[in-house]
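Here is what each chain is made of, one letter per residue.
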Amino acid sequence: MNRILKKRVLTSEIKLFEVETPLIAKRALPGQFVVLRLNEEGERIPMTIVEARPEEGVILIIFQEVGKSTKQMGTMKEGDVIADVIGPLGVPSEIEKFGRVVCIGGGVGVAPVYPITKALKEMGNYVISIIGARSKDLVLLEERMRAISDELYITTDDGSYGQKGFVSDELQRLIDQGKKIDRAIAIGPVIMMKVVSEVTRPYGIKTIVSLNPIMVDGTGMCGACRVEVGGETKFTCVDGPDFDGHLVNFDLLMNRLRIYEREEKIALEEYGQGKGRNL
Amino acid sequence: MAKLILKKTPMREQPPEERIHNFNEVPYGYSEEEAVAEANRCLQCKDPPCIAGCPVEIDIPGFINQIALKNFQGAIDKLKETNFLPAICGRVCPQEDQCEKYCVLGKKAESVAIGRLERFAADWEADKGKVKIPPQANPTGKKVAVVGAGPAGLTAAGELIKRGHQVTVFEALHKEGGVLVYGIPEFRLPKAIVAREVDFLRQMGVEFVASFVVGKTQTVDELLEEFDTLFLGTGAGLPWFMQIPGENLNGIYSANEYLTRVNLMKAYLFPQYDTPIVRGKRVATSGGGNVAMDSARTALRLGAEKSMIIYRRSRRELPARIEEIEHAEEEGVKFEFLTLPVAYHADKRGWVKEMECIRMRLGEPDSSGRRRPLPIEGSNFKIPVDVVVVAIGQSPNPLVPSTTPGLETGKHGNITTDVATGRTSKKAVFAGGDIATGAATVILAMGAGKIAAKAINEYLKTGKW
Ligand SMILES: Cc1cc2nc3c(=O)[nH]c(=O)nc-3n(C[C@H](O)[C@H](O)[C@H](O)COP(=O)(O)OP(=O)(O)OC[C@H]3O[C@@H](n4cnc5c(N)ncnc54)[C@H](O)[C@@H]3O)c2cc1C
Ligand SMILES: Cc1cc2nc3c(=O)[nH]c(=O)nc-3n(C[C@H](O)[C@H](O)[C@H](O)COP(=O)(O)OP(=O)(O)OC[C@H]3O[C@@H](n4cnc5c(N)ncnc54)[C@H](O)[C@@H]3O)c2cc1C
Ligand code: SF4
Ligand code: SF4
Ligand code: FES
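Here the protein sequences come in this chain order: U and V. The numbering of the first sequence is my numbering, which starts it at 1 and goes up by one. The numbering of the second sequence is my numbering, which starts it at 1 and goes up by one.
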């Protein structure tokens with residue numbers, strides 16, 4: 001259980017694990033996530049289930065090394081065991097035949113948007129995908145996304161690949177071209193989800209975002225993950241992670257993601273100096 | 001019979017100025033001499049009223065007499081006849097409302113320190129190293145799933161394995177113990193004690209599956225395909241907030257989050273442990289129960305210069321255990337009584353900077369018999385703070401009920417049960433503890449686990465629902 005069966009390095013800072021978790025693989029639906037803890041001293045970190053393969057009893061996770069825990073996770077090898085993997089958590093994404101959907105992934109957000117895109121495609125939707133990254137080397141899952149999209153657009157911040165600019169610029173362009181869009185799904189950095197929601201708002205295009213607040217238990221017990229949606233407090237781990245982007249208070253979320261800025265820096269420094277374990 | 005000694009034999013403790021800098025347990029426990037001296041205060045009443053005050057009806061004079069006779073093994077054997085977790089109950093039971101409240105000595109002097117004696121006997125056995133495994137019935141071949149490894153679930157598991165059933169406990173968190181590991185702090189209940197009790201059950205043959213969220217990893221109906229019956233002891237883990245302006249600002253925690261970070265995740269040892277916590281200088285905790293005392297005392301140990309309890313009634317209505325209130329006072333926790341938070345104000349960076357409160361006065365008694373607090377209009381004032389802990393209560397987590405068709409719940413989300421058996425509205429499913437009663441006490445949860453175990457045993461024998 002919880003053994004890393006396969007590891008792939010996707011970009012300089014993004015890695016993929018296939019983890020053996022038969023029970024979770026059996027039930028996981030698009031939009032759900034796991035909470036994992038690397039070892040006895042570890043914190044509990046949430047990760048989206050990018051793919052579940054029940055026959056093999058594995059789930060796929062794709063993660064970006066942003067701080068101490070994810071960097072340490074990046075040093076784990078095939079055959080290593082993750083202390084705890086809990087899931088599948090959260091409410092599955094709404095998968096229906098909406099008509100024409102736009103699926104937008106920014107940075108590592110392409111990973112969580114992939115399973116939703118795939119399910120929407122299988123449901124018979126016409127799928128337009130927009131994926132973006134800072135530069136060419138960081139574009140994620142291009143082939144996989146292409147295979148399940150009717151149209152695929154790529155943007156890079158520096159213009160080294162696809163259109164120069166942000167995914168939201170591309171979305172605006174498509175809307176300006178007069179493309180009919182029945183629903184949008186956007187996952188990525190909070191600022192990206194906020195901008196995309198602002199782009200679609202004037203046109204009344206329902207836009208679903210997947211929120212990534214700080215979590216602890218992931219089962220509705222602590223309230224660390226609380227966000228404001230439509231003026232009401234919600235617990236992302238049990239009420240989400242998907243919410244209507246037009247109702248989300250993104251500024252509050254961005255603020256709450258900074259709670260441990262100081263501690264995150266300390267953790268990373270200690271780890272970098274080899275005071276951390278498993279280095 | 002020796003002359004009546006009016007006062008309880010005192011229990012030695014870490015001095016307040018020392019203990020607020022560490023997470024070690026506050027009371028040291030009785031030595032053998034102290035325990036025997038205290039046991040000798042007991043009058044060995046023929047018709048002992050204390051027993052009726054104990055939800056699991058421990059033979060109180062019986063075990064105390066064994067201590068007086070220095071037969072400590074005899075004392076622990078007596079305790080374990082009815083109570084699986086004496087080391088825990090001796091520490092956390094609200095004795096002043098239970099057994100000790102009814103002790104005859106209490107009328108003229110201080111009642112016998114029943115809790116301290118219970119703790120002594122349990123610790124004596126643990127220190128000895130070898131714990132006696134009680135006799136078990138022959139295997140019945142029946143399989144029981146217990147959901148939740150809190151006191152209710154652990155007790156049910158123990159009672160059922162004794163009766164020869166195969167027992168598997170599923171726990172959502174990565175460690176067993178429920179509130180005993182994530183909520184109650186180390187300085188009040190060392191986690192090694194909880195681990196010891198869980199280990200004891202393991203030795204008896206109980207299987208534990210951690211990191212398994214029933215309702216998510218598998219549903220109750222799926223478990224029923226594999227198990228003959230199920231006991232739900234999932235507790236009251238859903239934290240309440242007050243729904244007042246500014247409650248989601250940085251620096252404002254639910255008590256569950258604050259205590260879970262510190263106790264379960266060991267944030268007080270950050271960065272040796274990865275989980276961080278904000279170490280406030282001025283911490284305000286709203287609430288007045290054990291959870292609030294635990295939070296306020298934890299804040300001191302994390303380095304707070306001022307730790308305050310904001311409570312809307314007066315000192316006499318505080319629902320916490322007396323010992324916790326006294327300990328909090330000794331350690332320098334400041335109490336703001338008859339005070340209710342109404343809003344939080346932020347600094348420029350989105351962190352809580354002030355708690356705005358309103359003063360209260362006490363009106364007529366409400367349904368709970370306590371005088372109802374009423375706001376005094378226009379009495380608003382602000383308290384500067386940098387961390388706030390909201391400890392105003394919690395209700396049952398809806399995860400299991402919402403994924404289990406046929407399981408009825410009451411208006412507070414608690415699972416509806418028959419009190420005498422723990423039966424729910426769903427065949428083969430029993431429940432007990434905080435999930436059925438709402439947030440209550442360790443010993444009541446254990447009592448519920450025990451009652452249900454008996455009914456489960458009957459059900460497994462007869463198949464009659
Ligand atoms: C539902 C959900 C799904 C997610 N899926 C993915 C995914 O598929 N791939 C991926 O790379 N990342 C994902 N994340 C984000 C990921 O959990 C964080 O990047 C990770 O916890 C950072 O840990 P760290 O110690 O490496 O970084 P830190 O230095 O601790 O923090 C870096 C950033 O991560 C945030 N963060 C820190 N701790 C947590 C925590 N316990 N929970 C959530 N965020 C935290 C911080 O606010 C900060 O912005 C997801 C988050 C959520 C809530
Ligand atoms: C901070 C604090 C201090 C307290 N102090 C005292 C005290 O001094 N004295 C006293 O008598 N009482 C005290 N209490 C109350 C007491 O702890 C509880 O009444 C008691 O723990 C209830 O026991 P339980 O077994 O019903 O539930 P819990 O102890 O809550 O255990 C429930 C368990 O079920 C697990 N669970 C929940 N959902 C699922 C699921 N879907 N699948 C699998 N597992 C699940 C939870 O993770 C948890 O481990 C305190 C409570 C708190 C929070
Ligand atoms: S279990 Fe609790 S109530 Fe019962 S005798 Fe022990 S301390 Fe008293
Ligand atoms: S009531 Fe008090 S004195 Fe009497 S048996 Fe119980 S503990 Fe002893
Ligand atoms: S992570 Fe604890 S309630 Fe959502």
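Honestly, I wouldn't trust all of these hints.
Pairs of lysine to any residue residues, derived as SDA-like cross-links and limited to a Cα-Cα distance of at most 20 Å, are as follows [stated by the list, open to error]:
1. K234/U <-> E247/V
2. K265/U <-> Q272/V
3. K426/V <-> L407/V
4. K266/V <-> L252/U
5. K265/U <-> L407/V
6. K348/V <-> L268/U
7. K26/U <-> A346/V
8. K191/V <-> E41/U
9. K266/V <-> M254/U
10. K348/V <-> K71/U
11. K348/V <-> L257/U
12. K348/V <-> M254/U
13. K266/V <-> I214/U
14. K266/V <-> E41/U
15. K71/U <-> K191/V
16. K348/V <-> R258/U
17. K26/U <-> G53/V
18. K132/V <-> L268/U
19. K26/U <-> E226/V
20. K234/U <-> F212/V
21. K348/V <-> L252/U
22. K353/V <-> E41/U
23. K101/V <-> N138/V
24. K26/U <-> K266/V
25. K26/U <-> Y273/V
26. K71/U <-> T219/V
Residues of chain V clear of chain U, computed beta-carbon distances all greater than 12 Å [what the hints assert, rightly or not]:
27. P94
28. Y182
29. L300
30. G406
Keep in mind the hints are simulated off the structure, nothing from the lab. The beta-carbon is built from N, C-alpha and C at its ideal position, and this holds for glycine as well.
These are the hints, each one checked on the structure:
| no. | hint | in the structure |
| --- | --- | --- |
| 1 | K234/U <-> E247/V | holds, 12 Å |
| 2 | K265/U <-> Q272/V | holds, 14 Å |
| 3 | K426/V <-> L407/V | holds, 5 Å |
| 4 | K266/V <-> L252/U | violated, 27 Å |
| 5 | K265/U <-> L407/V | violated, 47 Å |
| 6 | K348/V <-> L268/U | violated, 26 Å |
| 7 | K26/U <-> A346/V | violated, 45 Å |
| 8 | K191/V <-> E41/U | holds, 15 Å |
| 9 | K266/V <-> M254/U | violated, 26 Å |
| 10 | K348/V <-> K71/U | violated, 32 Å |
| 11 | K348/V <-> L257/U | holds, 16 Å |
| 12 | K348/V <-> M254/U | holds, 14 Å |
| 13 | K266/V <-> I214/U | holds, 17 Å |
| 14 | K266/V <-> E41/U | holds, 8 Å |
| 15 | K71/U <-> K191/V | violated, 30 Å |
| 16 | K348/V <-> R258/U | holds, 14 Å |
| 17 | K26/U <-> G53/V | violated, 49 Å |
| 18 | K132/V <-> L268/U | violated, 47 Å |
| 19 | K26/U <-> E226/V | holds, 16 Å |
| 20 | K234/U <-> F212/V | violated, 23 Å |
| 21 | K348/V <-> L252/U | holds, 13 Å |
| 22 | K353/V <-> E41/U | violated, 32 Å |
| 23 | K101/V <-> N138/V | violated, 40 Å |
| 24 | K26/U <-> K266/V | violated, 32 Å |
| 25 | K26/U <-> Y273/V | violated, 32 Å |
| 26 | K71/U <-> T219/V | violated, 34 Å |
| 27 | P94 | holds, 24 Å |
| 28 | Y182 | violated, 8 Å |
| 29 | L300 | holds, 20 Å |
| 30 | G406 | holds, 20 Å |
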